[in-house]
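Undergrad: Knowing the structure of chain Y, use the given hints to seat chain S on it.
There are 2 protein chains.
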Amino acid sequence: MISELINVGTEILIGDILNTNAKYISKELATIGFNMYYHTTVGDNPNRLKSALELSLSRSDVIILTGGLGPTQDDLTKETLAQLLNVEMVFDQESHDTLLKFFVNSSNVTQNNYKQAYIPRGSTIIPNNNGTAPGILLEKDDKIVILLPGPPREMIPMFEETVLPLLVSKCETKFFSNYYKVASIGESTLEDMLLDLINGQSNPTIATYAKVGDVLLRVTANAKTYEEAKILLDKYDVIIKERLGDNIYANEDISLHEVIANTLIKRELTISIAESCTGGLIVSKLTEIPGISSSLHSGIVCYSNQAKTKFLGVSEDTLSNYGSVSEKTATEMLLGLYEQTKSDITIVTTGIAGPSGGSIEKPVGLVYIGILYKNQSVVEKHQLSGSRERIQLKATNIAFNLIRKTINE
Amino acid sequence: MISELINVGTEILIGDILNTNAKYISKELATIGFNMYYHTTVGDNPNRLKSALELSLSRSDVIILTGGLGPTQDDLTKETLAQLLNVEMVFDQESHDTLLKFFVNSSNVTQNNYKQAYIPRGSTIIPNNNGTAPGILLEKDDKIVILLPGPPREMIPMFEETVLPLLVSKCETKFFSNYYKVASIGESTLEDMLLDLINGQSNPTIATYAKVGDVLLRVTANAKTYEEAKILLDKYDVIIKERLGDNIYANEDISLHEVIANTLIKRELTISIAESCTGGLIVSKLTEIPGISSSLHSGIVCYSNQAKTKFLGVSEDTLSNYGSVSEKTATEMLLGLYEQTKSDITIVTTGIAGPSGGSIEKPVGLVYIGILYKNQSVVEKHQLSGSRERIQLKATNIAFNLIRKTINE
Numbered sequence: 001m002i003s004e005l006i007n008v009g010t011e012i013l014i015g016d017i018l019n020t021n022a023k024y025i026s027k028e029l030a031t032i033g034f035n036m037y038y039h040t041t042v043g044d045n046p047n048r049l050k051s052a053l054e055l056s057l058s059r060s061d062v063i064i065l066t067g068g069l070g071p072t073q074d075d076l077t078k079e080t081l082a083q084l085l086n087v088e089m090v091f092d093q094e095s096h097d098t099l100l101k102f103f104v105n106s107s108n109v110t111q112n113n114y115k116q117a118y119i120p121r122g123s124t125i126i127p128n129n130n131g132t133a134p135g136i137l138l139e140k141d142d143k144i145v146i147l148l149p150g151p152p153r154e155m156i157p158m159f160e161e162t163v164l165p166l167l168v169s170k171c172e173t174k175f176f177s178n179y180y181k182v183a184s185i186g187e188s189t190l191e192d193m194l195l196d197l198i199n200g201q202s203n204p205t206i207a208t209y210a211k212v213g214d215v216l217l218r219v220t221a222n223a224k225t226y227e228e229a230k231i232l233l234d235k236y237d238v239i240i241k242e243r244l245g246d247n248i249y250a251n252e253d254i255s256l257h258e259v260i261a262n263t264l265i266k267r268e269l270t271i272s273i274a275e276s277c278t279g280g281l282i283v284s285k286l287t288e289i290p291g292i293s294s295s296l297h298s299g300i301v302c303y304s305n306q307a308k309t310k311f312l313g314v315s316e317d318t319l320s321n322y323g324s325v326s327e328k329t330a331t332e333m334l335l336g337l338y339e340q341t342k343s344d345i346t347i348v349t350t351g352i353a354g355p356s357g358g359s360i361e362k363p364v365g366l367v368y369i370g371i372l373y374k375n376q377s378v379v380e381k382h383q384l385s386g387s388r389e390r391i392q393l394k395a396t397n398i399a400f401n402l403i404r405k406t407i408n409e
Numbered sequence: 001m002i003s004e005l006i007n008v009g010t011e012i013l014i015g016d017i018l019n020t021n022a023k024y025i026s027k028e029l030a031t032i033g034f035n036m037y038y039h040t041t042v043g044d045n046p047n048r049l050k051s052a053l054e055l056s057l058s059r060s061d062v063i064i065l066t067g068g069l070g071p072t073q074d075d076l077t078k079e080t081l082a083q084l085l086n087v088e089m090v091f092d093q094e095s096h097d098t099l100l101k102f103f104v105n106s107s108n109v110t111q112n113n114y115k116q117a118y119i120p121r122g123s124t125i126i127p128n129n130n131g132t133a134p135g136i137l138l139e140k141d142d143k144i145v146i147l148l149p150g151p152p153r154e155m156i157p158m159f160e161e162t163v164l165p166l167l168v169s170k171c172e173t174k175f176f177s178n179y180y181k182v183a184s185i186g187e188s189t190l191e192d193m194l195l196d197l198i199n200g201q202s203n204p205t206i207a208t209y210a211k212v213g214d215v216l217l218r219v220t221a222n223a224k225t226y227e228e229a230k231i232l233l234d235k236y237d238v239i240i241k242e243r244l245g246d247n248i249y250a251n252e253d254i255s256l257h258e259v260i261a262n263t264l265i266k267r268e269l270t271i272s273i274a275e276s277c278t279g280g281l282i283v284s285k286l287t288e289i290p291g292i293s294s295s296l297h298s299g300i301v302c303y304s305n306q307a308k309t310k311f312l313g314v315s316e317d318t319l320s321n322y323g324s325v326s327e328k329t330a331t332e333m334l335l336g337l338y339e340q341t342k343s344d345i346t347i348v349t350t351g352i353a354g355p356s357g358g359s360i361e362k363p364v365g366l367v368y369i370g371i372l373y374k375n376q377s378v379v380e381k382h383q384l385s386g387s388r389e390r391i392q393l394k395a396t397n398i399a400f401n402l403i404r405k406t407i408n409e
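The listed protein sequences derive, respectively, from chains Y and S. The first sequence: position 37 = 37 (the UniProt record's numbering), numbered continuously. The second sequence: position 307 = 307 (the UniProt record's numbering), numbered continuously.
Bound conformation, chain Y alone (with noise of 0.2 Å):
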């Protein structure tokens, strides 16, 4: 079923405030498989409110409006819905007696308060447990219309109690997903990957979302059963699984870091790192996570040489003769983190983030990243592009890929 969505709202308009509700109701939509074609927002304005009613009834079999059902003057989406359909306001018994109970002091009562007693004829009433305006049902010519208050601590229950159930007693099929966290790979190169997939797509169908360091591909299926989306889920997890092999970090939309931080923690391993030009990013990633405080022994960010040679051992020679961007200078600083921490897992990096700072010889971009982890070393060399905070970000994602690949191995 086509679905879309009207907030109706001045304060969602001029940025007052953020249309939580727009995330909210379409997440519940997708979820029981409802496409959802369109979000619109209107102000408090009845002609605009009216034309954007009009459009939506002409596209969509079930049409979700909130605000706009409150006391004042400037809440008329009823009326408006009523005035489009044709159908005249009536006076509802029981939403006056709930309308007086929610008032236990009647003197509070105000003349506008009974307008929300007033409901456009042949719609039922979705109760509404914690404010004063009642939400309305109405279906009329194949179309569902429903109406729900702003503010989210009264459309949420309502939308979960009543709403949610009724639709989902409208839906032949649901959407089953398969999710795929993927490390290493740029979004446009993972679709280059998958192209045939993507262009073919309809039942299931594949996206992929760029987040902060990886990408999120997802797989939905619809289908009446779960068995049913099953088989066509399988089918293109063999293909996805074969292309994109040990990229896959995880099933669920999943941080790599996350994912590593937990690992050292369940298999108690110990960790510590020392960062040039990371500066920090790879430590404080993993500080972010609870309880990691297990399995992390130290973060040293010796940017300085001075710091390299004080607290790491890196030699003085080594930092004249080979620069403190060399391949000489990560393995120092990898067997010198290790002497002092002894920690299962050592990792270092040393590059130049720029903007200034590169040569000829070694330019802007250019990183060592070195593990060491049951007597095995290895010094990674690579050149990366972009700002200094991308080839920052770019340095701490290979960092945490090749934490993975080693304590997997």
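Be aware that a few hints might be false.
Any copy will do: because identical chains look the same in the list, a pair fits if it lies in one copy or spans two.
[Stated by the list, open to error] List of simulated lysine-lysine pairs, PhoX-like, C-alpha gap at most 20 Å:
1. K174 x K50
2. K101 x K362
3. K235 x K23
4. K405 x K381
5. K224 x K23
6. K211 x K181
7. K328 x K230
Don't read these hints as lab results, they were simulated from the structure.
TA: The following block gives chain S in isolation, referenced to the frame of chain Y:
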């Protein structure tokens, strides 16, 4: 001028992401006096995008679109606009060159990326310094159409640097703003402190913007000339400075750590940081700033007790008698760090970021922050609240503010 916004992205319609772009752009337009009448969100679907754009061209003067400018097959905004306005897509050498610069290693450029170098004939490029998709500005038949990429970290700088000045230039009166960057006061407290000004506002208007860790206050006057505006702004300037005092650290939208890093570099002061609970956040924020390598000696993330002893010489007795989160430990970290680095400024943090690890005597959120500068040391005790992330962030901000106040004394 009547404006409207079209956000293009299936990820918004299926509720995967919150439409923060709509709030940001709406607030900006409201500030410069543009009327925003509609928000529309459509998916990556050419027909529905076309009908939404067609409708907006029939009723608004300024149409801003976000999203759908990426390199992939379903990024169709530019092409749809060109088709609708009956102009052809032409190759743009500048966009092509910028794209190549972004991908230093051109073997990473996919065929998809080259699509981004084509623009509708007659349009102007809006530079994007944070991604590969340039924005597009097209003025035709008294309409202004502006296309921006979807990711906020790309869109917002483009809006601030190029779009906003352009829109302001279309207005008869102009808007002039004073900015105040305020540390250590939350957004709602700040609003309370200025409530009389905010409630009575018409010209100038006052708006607060919560940033990461601090708040931007903007006072905007609407006038024909700068001189006229200055009279209005000066009156507020006196009141604001009186109330906020030295919590104001800048008169532009710059982050506190950038101000500090630039001060350190300019005054040739060296700094070393030892972080326990902030886990590398302080040092990684400093290393975001180009040129910091001349000032930053070391950052030690001494998450474990062993690290505190090994790298900073904190005594095992102190750790076992007073605990790692104590004034005594903070003081020994400070002295040990100075001993090792001889930096002009040494600063340390130790605390409990949570969610676990707290006790009745030492609850989650207890943080000690110490600084040593010119033989004077201070260790502050703070009780912070919120999630792990918020506690780490607040402690980081307090540390930066402490550095600022110390070196400015």
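Undergrad: Give a verdict on every hint.
TA: Checked hints:
1. K174 x K50: Answer is neither: 32 Å inside a copy and 29 Å across each miss the 20 Å cutoff.
2. K101 x K362: Between copies only: 18 Å across chains, 52 Å inside a chain, cut-off 20 Å.
3. K235 x K23: Neither, since 30 Å and 41 Å both go past 20 Å.
4. K405 x K381: within (16 Å within a copy, 42 Å between copies)
5. K224 x K23: neither (25 Å within a copy, 38 Å between copies)
6. K211 x K181: Only inside one copy: K211 and K181 sit 10 Å apart there, 29 Å across copies, limit 20 Å.
7. K328 x K230: Close neither inside one copy (51 Å) nor across copies (59 Å); limit 20 Å.
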